[in-house]
Amino acid sequence: MRRQGGEAVLFGDNYDQAEAEAIRRAREAGGVYVSPYNDPDVVAGAGTVGREIAAQLPEVGRVLVCTSGGGLLSGVAIAIKAHNPQAEVIAVCAEHAPAMYNVLTGEQRPQVWETLAEALSGEIEDGSITIPLARQHVDRAVLVSEAMIAETMRWFIGTQGWLVEGGGAVATAAVLHGVVSTDDVPTVCVVSGGNVDVETVRQVLYKGKMQA
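Just so you know, we're using my numbering here: the sequence shown kicks off at 943 and counts up by one.
No false leads were slipped in.
Distance condition first, Cα-Cα at most 20 Å in a straight line; then the derived EDC-like pairs of lysine to aspartate or glutamate:
hint : residue 1 : residue 2
1    : LYS1023   : GLU1001
2    : LYS1023   : ASP1081
3    : LYS1149   : GLU1093
4    : LYS1023   : ASP983
5    : LYS1023   : ASP1126
Pairwise CB distance ranges, derived in the manner of DEER restraints:
hint : residue 1 : residue 2 : range
6    : TRP1104   : LYS1149   : 14 to 22 Å
7    : VAL1143   : ARG944    : 17 to 25 Å
8    : GLN1050   : GLU1001   : 31 to 39 Å
9    : VAL951    : LEU999    : 37 to 45 Å
It is worth saying that the hints were derived from the structure and are not from the lab.
Predicted, not measured: the structure shown is a model, and the values here were computed from it.
Ideal Cβ positions, reconstructed from N, Cα and C, are used throughout, including at glycine.
Please take these sequences and the hints and turn them into a complete structure.
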């Protein structure tokens, strides 16, 4: 962004603080705040992921989606359900970032800011469009632990040669660690990000080596 002449402001210690500051700055400047999830165009854009899955695997019976505020989840779920109403859509959240899990289950698990899935951290805006959309189109929600996320990041590096961030690995973690079965229907895990810094990768690999 800076190379293109834009201004990038780093603010706060967590996502919620940064989001609040972005909203404040947009209002102060008379600008437009674009939420990464609470926006119909963002949800519609995410729906193209679901359409791509349906096009490449028409017989898909289950889709697991890495979930935070629910923009990606809602878009994928709407597209998959339009393709096959019987297909199961599962929201996968990190145990330390359970915002949408809480919405869908009624539980009140706390947010823990220290997590490998930092891209999934943060609460959901009051009145977010993703809340009713997820409740209507998503079948269930599950959680994965930090240990599961770390092991899955190592698995991606070791078997696929992919650098996947923790938040992008949670859906696959649910399958690799038996939280969700794949035995009965064709299943897809959405891998949604590779924005991971070198130090995090080093720590994940080092801990895996120590546990071996």
